[in-house]
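If you read the protein sequences in the order shown, they are chains F, D, A and H.
Numbers 1 to 399, taken from the working numbering, label the letters of the first sequence in order.
Numbers 1 to 329, taken from the working numbering, label the letters of the second sequence in order.
Numbers 1 to 290, taken from the working numbering, label the letters of the third sequence in order.
Numbers 1 to 236, taken from the working numbering, label the letters of the fourth sequence in order.
Derived by calculation from the structure, the hints in this document are not laboratory data.
Glycine included, every Cβ here is placed at the ideal spot set by N, Cα and C.
Computed footprint of chain F on chain A, listed as stretches where at least three residues anywhere in the stretch have a Cβ under 8 Å from a Cβ of chain F: (1) 1-10; (2) 103-117; (3) 139-146; (4) 203-213; (5) 256-266.
A short, non-exhaustive set of chain A residues, derived as facing chain H with CB atoms under 10 Å: (6) Arg-164; (7) Ile-168; (8) Arg-170; (9) Gly-172; (10) Asn-175; (11) Met-178; (12) Thr-179; (13) Tyr-186; (14) Gly-187; (15) Leu-188.
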Amino acid sequence: MKEKKILFVVVVLFLSLTILTIPFSAGYAKSKNTKSIKIGVLLPLTGPYAMWGKMFQNSMELALDSVGWKVAGKKIELIIEDEGGEDVSMALEKAKKLVEANRVGLLLGPFYGGSALSVMPYTSSIPIVNVKWSQPGKNKNEIGNKYGFWVPTTYPDNTYPLGQYAYEEKGIRTVTTIGSDYDCAYEFVEGFTDAFKSKGGKVIQQQWAPLTEIDYTPYLSNLKMADAMVIGTLGPPAKLALFSQYDQLGLFKKMPIFISEVGTLPSPVMQEMGDKIIGVKGVEKFLTSLKNPEAQEFLKSYQAKYKSVPDDKASDAYSGMKVVLAALKATGGDTDPDTLKKALLNVKLNLPPGPFQFSEGRVGMVPLRVSEVQRVGGKLQWVPVKEYPGRPPYVETYP
Amino acid sequence: MITVKRLYRPAIFASYGPYMIGLAIFLIVPPFLPMYVQSIITKVAVFAIFAMSLDLIMGYTGLLSLGHAAFFGVGGYMAAILIKNFEITNFWIVAPISIVVAALFAAVLGLIALRVTGIYFLLVTFALSMLLASIALKWNYVNGIYGMAGIMRPDLGLAGFRLNHIKFYYFVFLILILCYFLMYRVVNSPFGHALRGIRESESRMRALGYNTWLYKYITFIIAGLFAGVGGVLFTYQSGVIAPQHLGVTVSTLAMLICIIGGIGTLWGPFVGALVIILLEYFSSINAPERWPLILGGVFVIAVMFLKGGIAFHLKKLWNKMFLNGSFKG
Amino acid sequence: MELIILNVLNGVSFGAILFLLCSGLSLTFGVMGILNLSHGALYMVGAYVGWSIAVHQGLNFWLAVLAGGLVAGLLGLIMERGFFRHLHGMINEQVLLTFGFIYILTNLCLWIWGGVPKAPYTAPSFSGSFDIVGDWTYSKARLVVTGIGIVLAAVLWFFQEKTRIGAIIRAGMDNKEMTIGLGINYGLVATFVFILGCFIAGAAGVIGASLFGVTLDLGMSILLLALVVVVVGGKGSVQGALVGGILIGLIISFGKALFPQISTFLVYLVMIVILLIKPSGIMGKKVQDR
Amino acid sequence: MIELRDVHTYYADSYILQGISLEVKEGSVAALLGRNGMGKTTTIRTIIGFTPPREGIIRFKEKEIQCLKPHKIARMGIGLVPQGRQIFPSLSVYENLTMAARDMERGDAWNINKIYNLFPILKTRTRIKGTLLSGGEQQMLTIGRALMTNPALLLMDEPSEGLAPIIVEEIGHIIGRLKESGISILLVEQNISMALDLADYVYIISKGVIEYESKPDDLIKNEEIVSNYLGVAGNE
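Could you build the full structure based on these sequences and the hints that come with them?
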């Protein structure tokens, strides 16, 4: 009994201490420090997208390292919060905390599309620049935020060149598609099929699987044979499961594959998949095999500091931070939303994926590369086969 | 006359003191807190209502539900549908309709769930809530997987009166107090005593001529109704409602709140909500990558060492200090 | 016709994984009355450990299966000895505790293995495919998994129905007090069953990973299906887990093929219907009020 | 063999055994008689440890056992023939008998063949599920199951309950044979005549206390006690 009492006291003390001390810890100073620029970041540090959270943090810190965490004579303070997994209310809560408690000058993130949508009405209602890594879709609601910027291009624009390439260069005339059952994947697939159909190609079958699906064999058993299969599935786990089940059914020999984001196939995992994925085609902005100096520099410094290989999304994070830094330099560290917006729209930079600038609708434009998995120097790699220039999103209807 | 009063005062203080102190803290402190903490305290109040409603069926009736979030989510979704899809902004129209819909869902699902008992009840409620969640996930009318976002603070229909952070907090707190007293009336009525009888021994109550099924069914609906209140307020507070809010994670969060606070007392869930919501929030800020570990650890510690809940131990402590150790559960 | 054969094969192999996962869950539930929600998380831990052995270290696949099982079994031992024995009959607390373990185990896996998902891995001899009907081929790995499922079902069935300790386990499910009154240390038996269940979950994780790979949300998503299987099949019996697993596997596989729009909630609907018609499950015995 | 000294047992808040003292001598049969609800079954449950006593001492083979766990108590050599027989429905007759078997290495130990010799009828039913047997066969199975643990003391809770008179007689014979083989028995019964035939010593329990104890012969003479505590059953 006595033991229990002691334990109880310890537990109560522990709980009350955690609760009481936390609010007074770092980052809660209320005063508005004009000497430093506070940047609030929402990243998925837990949950199913956690693998990118860390990578994003690394890339952003790398970009900041290159300017010594200073811009226009002011110190930069990065405040990173966890946006959680698929519980989208957490991202909103943290966004409010960053804005209202930390008084950040601008907000980066969140990452997950659902979280971005839940945060959007809030960020639209306050004057603050919000640079995002989620991609805007065709959903008009999404563009209500006049201070919102999107670093990557839109979903359909991303895959549009791939559709052109498949028809023109590879002579594909019929495709079957499979994708996750939600907007994001719809639009990835749509980009491909729009381009493909406009040339005269035919889509003979479209299948949609639940987002968390791990067993694709039933869908593959249902597959109608076409010239190629297009995968609009998001998320590495789904893609990995789909690939290995595709292989287990012996389909790689029968039908080539086109995928939407090559970045969702991380390099270590590609090596595990082995030679069977050689010849898979995809489209992406940044590839580790790019030869331009910016890409090489990014690759080298990332590998040196973190001992791992960055992917396209990491490059988005790096690019985003670089662009923000350039804009802040132009404004002299001023984070007033209108000034900063103007500066951001004027930014023209050479970044790892190539020349970058925002479209009028505030969506990032960089060249896109259709690429192919090949074995280079004993390692499986995405090798660019054709480059398509960056251009304003074809669904550009923003105010 | 005077001596009597003097004798009485400490006694009143001793028995109602904790409530009075708690009430005072929650009324006086919030305006001095930073705005985002006010928002979190509002969330505490919302989850207190939700957890209390779970306590009605879990603590007082002894039914283990792993799907209580279904009614929470239905209430929240209904409010969001009315606001976003029908563009009805008046709180006094939105809230009652949503709450009634939540209660209706409880009435229908209760018919299914109450056909089984014990751990099977837990499983049916779980399956029902997952069913609703997977429907919400697929239904474009409610924005599918993304959930419905962008819901502003309630419009009370008073000209020139807008709720800001702190006023919204007081508004929610007022509803919390109201719900507390309504539920207090329920559990301390003959009906409530019958529920406790059912919890102790259902067969005995049946032998005494009670229609125990009906009692459980009515309680299930009442609990669904108050969960709906929580859901509506949650939608307003967080500004977003998504399929996850119908699912098992929110249900277990409420269950944790009840168990940490103390099952079978109405103010236990209140204390529990305060501890858990703040802990979840602040641990996710201080240890952004490791907060699930901390939260999971608290689950374990709470289950192993806080038997009876914080409310129970607090009350014991209070009674020891002011009622000379005479302890009445 | 081909479609039916393929879908039956798909359903049965997916059902075999579900069976592997659920046999342990169902046994623990039957023997101890504990609904171990962290069973899915143990499956995930097993799969990650298996990945470390089979892919990272490049060792034998069967060694990986064994290691995955052992690690999960060890975690089970800690859970049972450290926690569950102090929570007899407290269902609320047990449910919550197991849920807490999901949080902890998932985050520990994130910590140890990082967030990068692992590709499906298997023994080299089982990768690839061979021809079946028409111009269709079928996955070797899936057939191997089905085979493992059937073999394990047979072994477990023999263990439960034909051995003395199996008889003791069944006796305990019938009447725990009487079993103790005959001088049997049922607490020890229950611990053994719990650890065995966790071991199977961990091993199932490695075997399942040969088809589906490993991710962090596996702990939760696979658990949901496992619970459905236990309810449908009935707790406490190997046959129940097998019938439930294969039935749900078939429903999922045909659901995806025939009505993809409602396949996600089809399983929950089936679970609810079965609970209402026969709460004890298809192969279950009568339900005791707790 | 076993001795209870001033044992008090509670079921939650109800006070059932209010200071029971009794003794079973080695190799003898002691009968515990009384009406329903007087504490007979609770006495058995207290000895085996299902409802441990709050106060008092239980000594078995000179060792105090009231603090031990039930399975340890049983392992010391106490066999339980419970009320209502409690056959395991999922187990076959054979499994019911063998699942708890122990101490098989002793020379005179009970084993499955000896049990089948004692109850030949069970041998013909060996594969059948235990609960499909008739009442009498089930009772034999229960006794056999307890014997397979090779006990020094048998606790028998109403072995004649619900059985036809001719079967009761057979059970009585078997108990007699067990006694001859040297096993001590605590027999709880409502069937007075059978109990008096078998017992070496008789206790009568009423409302949780031992009201009377004597040799069986003395009890038969004492009609007042018989009618007060045992009702009409004693007049048969």
